[in-house]
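Asker: Each protein sequence line maps, in turn, to chains S and X. Every position in the first sequence, counted from 1, becomes a number in the working numbering once 18 is added. Every position in the second sequence, counted from 1, becomes a number in the working numbering once 18 is added.
Please note that the accuracy of each hint is not assured.
Note: identical chains are not told apart, hence a pair may lie in one copy or across any two.
Claimed, not checked - Here are the simulated lysine-lysine pairs, DSS-like style, with alpha carbons at most 30 Å apart: (1) 33 - 229; (2) 45 - 174; (3) 33 - 157; (4) 173 - 45; (5) 173 - 107; (6) 335 - 173.
Calculated directly from the structure, the hints in this document are not laboratory data.
2 protein chains.
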Amino acid sequence: MEDNNILLGHGSGGKLSHNLIKDIFVKYFDNPVLRNQTDSAILEIDQSNIAFTTDSFVVDPIFFPGGNIGKIAVCGTVNDLSVSGATPKYLSASFIIEEGFSLKELESIVKTMADEAKKAGVLIVTGDTKVVNKGQCDKLFINTSGIGFLDEKYKKISSGENIKVGDKIIINGSIGDHGMAIMAARNFENFKTEIKSDCTCLNHLIKDILKVSDKVKFMRDATRGGIATILSEIIEDKNIGIEIEESSVLVHQNVRGMCELLGFDPFYVANEGKILLIVAPGDADKVVKAMKQNEFGKDSSVIGEIVDLHHGKAILKTEIGGKRIIDMLAGEQLPRIC
Amino acid sequence: MEDNNILLGHGSGGKLSHNLIKDIFVKYFDNPVLRNQTDSAILEIDQSNIAFTTDSFVVDPIFFPGGNIGKIAVCGTVNDLSVSGATPKYLSASFIIEEGFSLKELESIVKTMADEAKKAGVLIVTGDTKVVNKGQCDKLFINTSGIGFLDEKYKKISSGENIKVGDKIIINGSIGDHGMAIMAARNFENFKTEIKSDCTCLNHLIKDILKVSDKVKFMRDATRGGIATILSEIIEDKNIGIEIEESSVLVHQNVRGMCELLGFDPFYVANEGKILLIVAPGDADKVVKAMKQNEFGKDSSVIGEIVDLHHGKAILKTEIGGKRIIDMLAGEQLPRIC
Numbered sequence: 019m020e021d022n023n024i025l026l027g028h029g030s031g032g033k034l035s036h037n038l039i040k041d042i043f044v045k046y047f048d049n050p051v052l053r054n055q056t057d058s059a060i061l062e063i064d065q066s067n068i069a070f071t072t073d074s075f076v077v078d079p080i081f082f083p084g085g086n087i088g089k090i091a092v093c094g095t096v097n098d099l100s101v102s103g104a105t106p107k108y109l110s111a112s113f114i115i116e117e118g119f120s121l122k123e124l125e126s127i128v129k130t131m132a133d134e135a136k137k138a139g140v141l142i143v144t145g146d147t148k149v150v151n152k153g154q155c156d157k158l159f160i161n162t163s164g165i166g167f168l169d170e171k172y173k174k175i176s177s178g179e180n181i182k183v184g185d186k187i188i189i190n191g192s193i194g195d196h197g198m199a200i201m202a203a204r205n206f207e208n209f210k211t212e213i214k215s216d217c218t219c220l221n222h223l224i225k226d227i228l229k230v231s232d233k234v235k236f237m238r239d240a241t242r243g244g245i246a247t248i249l250s251e252i253i254e255d256k257n258i259g260i261e262i263e264e265s266s267v268l269v270h271q272n273v274r275g276m277c278e279l280l281g282f283d284p285f286y287v288a289n290e291g292k293i294l295l296i297v298a299p300g301d302a303d304k305v306v307k308a309m310k311q312n313e314f315g316k317d318s319s320v321i322g323e324i325v326d327l328h329h330g331k332a333i334l335k336t337e338i339g340g341k342r343i344i345d346m347l348a349g350e351q352l353p354r355i356c
Numbered sequence: 019m020e021d022n023n024i025l026l027g028h029g030s031g032g033k034l035s036h037n038l039i040k041d042i043f044v045k046y047f048d049n050p051v052l053r054n055q056t057d058s059a060i061l062e063i064d065q066s067n068i069a070f071t072t073d074s075f076v077v078d079p080i081f082f083p084g085g086n087i088g089k090i091a092v093c094g095t096v097n098d099l100s101v102s103g104a105t106p107k108y109l110s111a112s113f114i115i116e117e118g119f120s121l122k123e124l125e126s127i128v129k130t131m132a133d134e135a136k137k138a139g140v141l142i143v144t145g146d147t148k149v150v151n152k153g154q155c156d157k158l159f160i161n162t163s164g165i166g167f168l169d170e171k172y173k174k175i176s177s178g179e180n181i182k183v184g185d186k187i188i189i190n191g192s193i194g195d196h197g198m199a200i201m202a203a204r205n206f207e208n209f210k211t212e213i214k215s216d217c218t219c220l221n222h223l224i225k226d227i228l229k230v231s232d233k234v235k236f237m238r239d240a241t242r243g244g245i246a247t248i249l250s251e252i253i254e255d256k257n258i259g260i261e262i263e264e265s266s267v268l269v270h271q272n273v274r275g276m277c278e279l280l281g282f283d284p285f286y287v288a289n290e291g292k293i294l295l296i297v298a299p300g301d302a303d304k305v306v307k308a309m310k311q312n313e314f315g316k317d318s319s320v321i322g323e324i325v326d327l328h329h330g331k332a333i334l335k336t337e338i339g340g341k342r343i344i345d346m347l348a349g350e351q352l353p354r355i356c
């Protein structure tokens, strides 16, 4: 029985840690760098600029329709690197595990991480494991940090400093799926919904976009706080405004229904596979066309544009003809969404 | 009252997260890269090799004699990079915070991190904050990942592949201080000991060492599992052995007393400011001399050597003339030691 669960000794740095690393982490993440098991991974860098990012994942439940905490941990960091214009290359993976956690579940999560990393073309090169006493953390938290190679010509994308009036705002599909999938999994275990998280790695889609256009001014993955928070963050303190057409933003019927039932606004609900782009007007059509050819961009569309009105603010033009300000998320809707 | 504590909303990605980042993280960690607050930090790299490492810190209590969780989070990662022969440059900092945690304590920990980073000469360039519901983590966990620049000539240090019979084993001072300081702080709050954690950044000491010798074959910081676990890991599967003179290993009297009282072996107790070096015999004296001039190397000494005996094993020659095998830590002595 004990053999099938995480013991405090698995985090001791001694024999049990050693075995856990060998039997689970190195087994699935296997690559020449990790195999050395040195204090730090030694990496060759062939660019003069890199992107570096970190995220801790505490999603509850750890398994949900469309993914698990391991998938989100790999994709979240891959996406953060990708929206900076970088090509994701290397990840670290650090685990905080509650004593008594199932080794089988851990193995399944690690296997998912390995599969996603492979699909995304990144290597997991270094890691860490800590075990805390029962009750001192909730099952499993995972931190991933990532390094991507950044081509000189994409260095300005993350700052968004080239955004101009007339630029188009594009998204790669429906909003709110991840948040509502987690909400359903957490609260309505017996209530079958077909809502699946959109959690996925977007680096290949982003590569397709950058291949057809050199006029991508800004990219961001719309996670916690939803697209509303991203839109208001982008435009804050700028001498331009944003206008979004509510009717062009796709919200799946079941997500919309659940949002209405629970009093959520899908614009504030977290996504894990959605990217907001700002693109020069002349390139918008070819970018959307290229995106639609990728499986994670099938429902891409222009949802709004940069305007010379209401500077510093994002405005939603509603389906019934009204206008309202899109602000940052104020309180907390859904703790532990990622 | 609520204003002084962490709320779930501080991890929402919305307005409260925004303010927390501005008022605490960016305020103390302030540097041009972090100030951009982009999804990924954009870094210039002037070396073709980098070292990359990660660690999650769950130390309990979060404040202890000689440091706090923030100090350990910065120094632990700085040290992991340094023992690989790299010059630590950039850190990420990712926080998992329990709802209700004191903002004042968080600020004090963040300030310590900023101070230690400054002393070590590293920049904290990217971060993340998650807040979990009360009872779902114990106060505060911190992950730091780090990037160091690695000179081509130090690439082989982390593998230890050049270790030969006759090489000397050196340590920069007393063992067991960190583990016993935590033990005392955790269990004997009213029992005043003078034991202080040795937690510190060792990168400047390591630079001093590499300045005087190009025959450093291996370095490792002796953290979880103590020097015993490191010694047995180094020598495992090698066609050489290690011999350690117990009498040359410094254990402070109060640490020794507490270990005896509680049944611990100081060789297995965690350190947070101790480095084990393996150096060619001809360079050992000058390395020790250089180390003694650094405040964190005052008590440096040779404690053993590589021998052509008992291959794959580390042996301790005890003060009373006996010999015993030094093995890896088997169970768990002290959970949440770092």
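Asker: Hint by hint, note whether the structure agrees.
Answerer: Hints, verified against the model:
| no. | hint | in the structure |
| --- | --- | --- |
| 1 | 33 - 229 | neither (49 Å within a copy, 35 Å between copies) |
| 2 | 45 - 174 | between (39 Å within a copy, 24 Å between copies) |
| 3 | 33 - 157 | both (22 Å within a copy, 28 Å between copies) |
| 4 | 173 - 45 | between (36 Å within a copy, 25 Å between copies) |
| 5 | 173 - 107 | both (17 Å within a copy, 20 Å between copies) |
| 6 | 335 - 173 | neither (32 Å within a copy, 58 Å between copies) |
Comparing the model with each earlier hint shows violations of hints 1 and 6; every other hint is respected.
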